[in-house]
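In order, the protein sequence lines correspond to chains B and V.
Numbering-wise, the first sequence is residues 1 to 280 according to the numbering used here.
Numbering-wise, the second sequence is residues 1001 to 1260 according to the numbering used here.
Since the hints were derived computationally from the structure, they do not count as laboratory data.
The structure presented is a predicted model; accordingly, all values stated were derived computationally and were not measured.
Cβ atoms here follow ideal geometry from the backbone N, Cα and C, with glycine treated the same way.
Careful: at least some of the hints might be erroneous.
Computed beta-carbon distance windows for the label pairs [to be verified]: (1) B:LEU219 - V:TRP1140: 17 to 25 Å; (2) B:ILE232 - V:LEU1179: 44 to 52 Å; (3) B:ARG120 - V:LEU1179: 41 to 49 Å; (4) B:ARG120 - V:ARG1091: 49 to 57 Å; (5) B:PHE151 - V:ALA1249: 24 to 32 Å; (6) V:ILE1084 - B:PHE201: 51 to 59 Å.
Calculated lysine-lysine pairs in the PhoX-like style (CA-CA distance at most 20 Å, straight line) [as the list claims (entries may be wrong)]: (7) V:LYS1228 - V:LYS1097; (8) B:LYS126 - B:LYS115; (9) B:LYS169 - V:LYS1097; (10) B:LYS230 - V:LYS1141.
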Amino acid sequence: MAMSHNDSVPLHPSSQSDIDEIENLINAAPATVLPARPQSPPRASIPVSSSPFIQSNIPPPSFHNKPPIPPPISSVSVSPAVLPVTDPNVRPTVSAEGFGSAPNTLTEPVWDTVKRDLSRIISNLKLVVFPNPFREDPGKALRDWDLWGPFFFIVFLGLVLSWSASVRKSEVFAVAFAVLAAGAIILTLNVLLLGGHIIFFQSLSLLGYCLFPLDIGALVCMFTSSVLLKVILVPITLAWSSWAAYPFMSAAVSPRRKALALYPVFLMYVSVGFLIIAID
Amino acid sequence: MEGGGYGALSSNQFLGSVPAVVINDEKTPLTGESSRADPRTFPPGTSYDGADRPAGNSWAAVFSVSSYTPYFNVDTDIVADRIISSINSFRGDFFGKIDANPDLYGPVWISTTLIFMLAFAGNIASYLIQNKKTSTDLAWKFDVSYFNLAAFVIYGYTVVIPTGFYFLFQYFGVAAASLVRLWCMWGYSLFIFIPCSLLMVIPVTMIRWLVIIVAGASSGTFIAMNLKTYTEERDLIVMVASAFLLQFALALFIEIYFFG
């Protein structure tokens, strides 16, 4: 509906309005500088569209589907007198919607990037491993997945295991890392092959985050020599890990194949748990 | 159509219109995926793309997950049923059971489970033996190399031996033999070693040998009885016997290297 309208009638006027807008930019630049950030890109003068007519042209996403009302554009937007009047009110909201949501990550300090990634890891960890209301919808839990967390947890577990091993340290690390990293990939493929619906990297991310309890268990076991404590602690962390991974993996496949998808996850965690106990 | 294209094109260039771009990004791979999965959606030869797509597809399908899903098309009860029938060694109807739908899920995860079980049970067994001898566990160290050995032997055995038999069957003209079925059968035949590796932890040499001989004989019989259905009218008893002996040799290898 809007398509055809957009197609036939306004193509010329709207392209015309583009030109108009550029003209406006050139003409009215001195006028609009005052309320704006001086460095903002040329399109920041969208606020021209505070007059409702141009919205179809360069819209914030929510306005995208509105049928355009093109004809008066040129007449209205050409008159530069309108611009400075309405600008100060509208500019902040539009720029917040249109440009504020995507901060430029290329020019920010490195420390900000690191902090952002760390906070994302922590929030993902909370979503996956700790009990909270979001557990009801496992698919949403890791929509903002990342692979830094899994990488840290896998490497950390491998390092802890190889530190606690008394012989063949490097081989222990190699086996642990291979089992965990390849295991995560293979488990995800397993779900996909069983006909499940899962996002590959999201599942990798989740399986890595679920290692966190085992990480803690391994860390504690490294500093204790009591076999009894290990034998009690590791099953608890094991159950915690499996419980964290359970809702996601079981929701991904059809109910009749739940056991087939969950068994390999269980196998991997049990193997890792056994490694933690056995290596002293 | 053009309006949408125009909208997408124009909004593409502005930072503000992320959702529209995301929707487009989601749509494009989807259509690409479906066209790869089923080449019939696009009649070949109708467009410039269509001309060379089928050839590229058949080659690229090797790397596509969806081309392997038929081999994992099993439910939990089916897998359980197959595992149970792999313990009943004298029935010899395993190929009849998997005929329509041979799966690779069983072989993959049975052999993987067996690898972990062998590595852990072997370590526990050596721990118990040393404990019994020296009454102190100072000498015992966890031996990670059991993993490498177990993975190499078990994966190698499950892949190579059925492949070899497949080519032998082809050579002797048994057309009924298919590679996936042989893999499936050999993979399920390893299941009995999983409970046996638990039993073999018991540090009594007599019991260990008893368990492994029973397991080897049972699993070898399972393979032999099933292979016999392929070779009924031909004089291929040598192959059946060699399959039995190979399985028995695997059992002995497990006993000697992991529990010796």
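Going down the list of hints, with the structure as the test:
1. Look at LEU219 (chain B) against TRP1140 (chain V): about 23 Å separates their beta carbons, and that is inside 17 to 25 Å.
2. At about 47 Å, the CB distance of ILE232 (chain B) to LEU1179 (chain V) agrees with the hint of 44 to 52 Å.
3. Separation of ARG120 (chain B) from LEU1179 (chain V) is about 46 Å and conforms to the stated range, judged on CB atoms against 41 to 49 Å.
4. One distance hint, 49 to 57 Å for the beta-carbon pair ARG120 (chain B) and ARG1091 (chain V), holds here, with the actual separation near 55 Å.
5. For PHE151 (chain B) and ALA1249 (chain V), the hinted distance range of 24 to 32 Å is not satisfied, since their beta carbons lie about 42 Å from each other.
6. Range check, ILE1084 (chain V) to PHE201 (chain B): about 37 Å between beta-carbon atoms, so the 51 to 59 Å window is missed.
7. Pair hint LYS1228 (chain V) plus LYS1097 (chain V) holds up; C-alpha atoms about 15 Å apart against a cutoff of 20 Å.
8. Restraint check for LYS126 (chain B) and LYS115 (chain B): satisfied, since their Cα atoms lie roughly 16 Å apart, inside the 20 Å limit.
9. With a C-alpha separation of about 46 Å, the suggested pairing of LYS169 (chain B) with LYS1097 (chain V) is violated against the 20 Å cut-off.
10. Simply put, LYS230 (chain B) and LYS1141 (chain V) have alpha-carbon atoms about 17 Å apart, close enough for the 20 Å limit, and the pair holds.
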